[in-house]
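> Given the structure of chain P, go ahead and fit chain D onto it with the hints provided.
These are the residues of each chain, in order.
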Amino acid sequence: MPPESHVLSDDQLARNFAEIAPALTADAALLEANTCLFCYDAPCTIACPTHIDVPAFIKKIASGNLRGAARVILDANPFGHSCARACPVEVLCEGACVLNARDEQPIRIALLQRHATDNVLERHIRLFEPGPPNGKKVAIVGGGPAGLSCARDLRRRGYAVTVFEAKDKPGGLNTYGIAEYKMTPAVALAEVQDILDLGVELKLGVAIGRDVPVERLLADYDAVFIAIGLGRTRALGIPGEDQSGVVDALAFIERLKTHPYSETRVGRRVVVVGAGNTAIDAVTQAKRLGAEWATIVYRRGPADMSSFHYEQELAKTDGCEFRFHCRPTRILGNGQVAGLEVETPQGTEVIACDMVITALGQEALGGFALPTDNPKVFAGGDFANGGAEIVNAAAEGVGAAKRIHEMLTVGDGRRR
Amino acid sequence: MADLSTTFAGIKSPNPFWLASGPPTNTYGQVARAFDLGWGGAVWKTVGEPIINVFSRYGSADLGTTRMMGFNNIELITDRPVADNLREIALVKRNYPRHAVIVSLMVESKRETWHEMVRRTEDTGADGIELNFGCPHGMSERGMGSAVGQVPDYTCQIVEWVKEVAQLPVIVKLTPNVTDITYIARAAVKGGADALSLINTINSIVGVDLDSFAPYPAVAGKSSHGGYCGPAVKPIALHLVSAVAGDPAVQVPISAIGGISTWRDAAEFVALGAGSLQVCTAVMHYGFRIIEDLMDGLETWMDERGHRTLAEVRGRALPNVVKWEDLDLNYHLVAEIDQAKCIQCELCWTACEDGAHQAIRRHPRGNGGPVVEIIDEACVGCNLCSQVCPVQECITMRQVPNDFGAVNWKAYAAGLGKLAPRSEHFHTASWESNV
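Residue numbers (my numbering), protein chains in the order written: chain P, 19 to 434; chain D, 2 to 436.
These are computed hints drawn from the structure, not numbers from a lab.
Backbone N, C-alpha and C fix where the C-beta goes; we use that ideal spot for every residue, glycine too.
Incorrect hints may have been included.
Derived contacts from chain P toward chain D, CB cut-off under 7 Å, selection only [as the list claims (entries may be wrong)]:
1. 48
2. 49
3. 55
4. 57
5. 58
6. 59
7. 116
8. 119
9. 123
10. 286
Restraint ranges, calculated between C-beta atoms of paired labels, are given here [as the list claims (entries may be wrong)]:
11. 407/D to 121/P: 37 to 47 Å
12. 212/D to 147/P: 40 to 50 Å
13. 27/P to 206/D: 36 to 46 Å
14. 145/P to 212/D: 18 to 28 Å
15. 328/P to 67/D: 26 to 36 Å
16. 407/D to 56/P: 32 to 42 Å
17. 212/D to 41/P: 18 to 28 Å
18. 302/D to 49/P: 28 to 38 Å
19. 234/P to 371/D: 53 to 63 Å
Bound-form chain P, shown alone:
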């Protein structure tokens, strides 16, 4: 347990974790929607992994058909709510917007998408119905965006769907892993609830492999979709890693998202090892929790960072530092972290710190075998793609539902 940081007031913490991109007002949304050119064969739609018909939904916002706009979004992407908050739109739809070339700034697609989807989420407007029961059952392993996207589309096609989730809440990293200032667990869970309301059976606290043998699923269900995500953050593999004050980035983020902010301990001087998007989320949130000083430590150079540029800018704006070409070699301390020894081109150096957050990416979940080569078994999400965005998980879940449906309807004349 690291020593307690100087404690910020609850008010200050609430401000630090307030939404980074607040919702548009109705007037602002209308203005923005009317600026959209309504491109043909629009690059934004092409850029979206779920291929939301962006001009179509924006045109509907402009015409006052807010519910229709949400239907277009959520029809293509069951996680349209959270993608509106957490998608890296700068490298997807907004990055592709043709107005980058004319006005030097794109349509604020994410905020418009949020405007449309918030409306249905807040009013509990039900946009989709389950299909007529077709007598077939599908098991989904993992209740994150990939699994639940697959579940929703299978329910719409009339399948009985059971989702097995190892944790005690559904949503996966949407619930536990999105930077708090982008999306709270409450929003993530409300979005999940809309999907569950279609009649998805959810079994929480059930780890397939541990509690239920995979073979049982194969016997009981017509198809199985595996979307279990990834496992723990990779260890640094250096001496001193077992001391108090060394925290896994995802565990750190999950802790702060599931407890009052003041109950998550943060060091005074925090070092985050890694330079991916999770590392950025960790360093910014450490700073926002009250760390006096926080830095990224990365063994390679600025151009090698896998995090998005605008995420790095956010960390810089928060006052976080970046130390490049630093290879951690040892965590110093006497049971409690006191510093990180790094090797730099100039030689060995010690960065004084009382907290080390590791963010080297997640390991694959291990300890059990999955029959992914069985034709009845499909896979998607981080488990299958090695770790990507919500929108990729959603696209893979939607795609899996389509493929499962095709597989199960071949020969009975209902293939679509």
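Just chain D now, kept in the frame of chain P:
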């Protein structure tokens, strides 16, 4: 520096911009404030026997987030006593002697009533009289406004009555709610009108509330047709001004009204023959301060083009308004896309493909090359692509010269002149194969 001073049917004003008769010219305070800000003249809100208005009076036709692209009203003429109006008109004229003050009048169709009203008006010292034969709502149900202006004989008759006593120039304000405005214009001139003003508002229902099913502007769940104006009506007004200005049987000064919001609008009306310019909706939207750019923009344009006076501009576009049958059939254009400016929205493609002549070729995105390309041999030079293109100067129309002389329909139909080879490209094959 361009000289904007204006003399219109003998009425002098420091510039051609007059406030049109309407809500902005209802009181001394408004007109005085407008003159202080630079307006050249004002046509007082129509004076007559005071009326009673309803409470919901104006309706807006919005386009996206653009408010009041079109505007309509069911307000009637002044609701103030005649004496109050005339007293304030006299006061304005006394305090602003250099500005044009014109009084709009509307009374019941009796000779003596008109005589009486004209005499009282002239006592104010005003510079002119405008006869409101145009309002299409409310007053027309009582036999006034457009009820007069829609019948040439009534128009002529009342102008004659007015001219029997009027010493001041008489301007007749025309309604556009007729099949051919030149018939009314000629009748007004026949009756002795010194000038014409047009257009008054266009009959309209501006929208319907989809919850209550009440048309706008709603009065206790109901509405009535009202007068439509604002930027949306400018093209209609331009046409009607040109029709009257180009009519050899008219030949009196024309004060243009109808959606004038910018100096460009003003210059276009002058080019089509307007001698003065009346503005109402733009002031109701943004206030009197818009006069600054109306004048500054017009002066700047005139200076840049070397036009010293408005007289040098007036009617310059009129000879170019011809019948369709006089247009040259051998003047060929083709669209040209500046690929360096193209932002690849493909609006031109979908417009041409679905809405015009299938003359744009589309290439897959992401190949580094252009995504849209004009098919020159299919392009009929219709302009549509250049009009939907959201980037300035990206799609332009280029003239394609040919060795054939000009030939218009009249000549061609008479067997004179030859047509140059032209694009003939119709995508009917797939339709035919599916029949």
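> For each hint, tell me whether it holds in the structure or not.
Hint by hint, here is what the structure shows:
1. 48: Holds. Min distance 6 Å.
2. 49: 5 Å, holds
3. 55: Holds. Min distance 5 Å.
4. 57: 4 Å, holds
5. 58: 4 Å, holds
6. 59: Residue 59/P check passes; min Cβ-Cβ to chain D is 6 Å, inside 7 Å.
7. 116: With a minimum Cβ separation of about 4 Å from chain D (threshold 7 Å), the hint on residue 116/P holds.
8. 119: 4 Å, holds
9. 123: Nearest chain D Cβ about 13 Å off; hint violated.
10. 286: At about 49 Å, which exceeds the 7 Å cut-off, the nearest Cβ of chain D leaves the hint on residue 286/P violated.
11. 407/D to 121/P: 37 to 47 Å: 42 Å, holds
12. 212/D to 147/P: 40 to 50 Å: 27 Å, violated
13. 27/P to 206/D: 36 to 46 Å: 59 Å, violated
14. 145/P to 212/D: 18 to 28 Å: 22 Å, holds
15. 328/P to 67/D: 26 to 36 Å: Once the Cβ atoms are compared, 32 Å apart, the range 26 to 36 Å for residue 67/D and residue 328/P holds.
16. 407/D to 56/P: 32 to 42 Å: Once the Cβ atoms are compared, 39 Å apart, the range 32 to 42 Å for residue 56/P and residue 407/D holds.
17. 212/D to 41/P: 18 to 28 Å: 25 Å, holds
18. 302/D to 49/P: 28 to 38 Å: Holds - the Cβ-Cβ distance for residue 302/D and residue 49/P, about 30 Å, lies within 28 to 38 Å.
19. 234/P to 371/D: 53 to 63 Å: 58 Å, holds
Checked against the numbered hints above, the structure violates hints 9, 10, 12 and 13; every other hint is satisfied.
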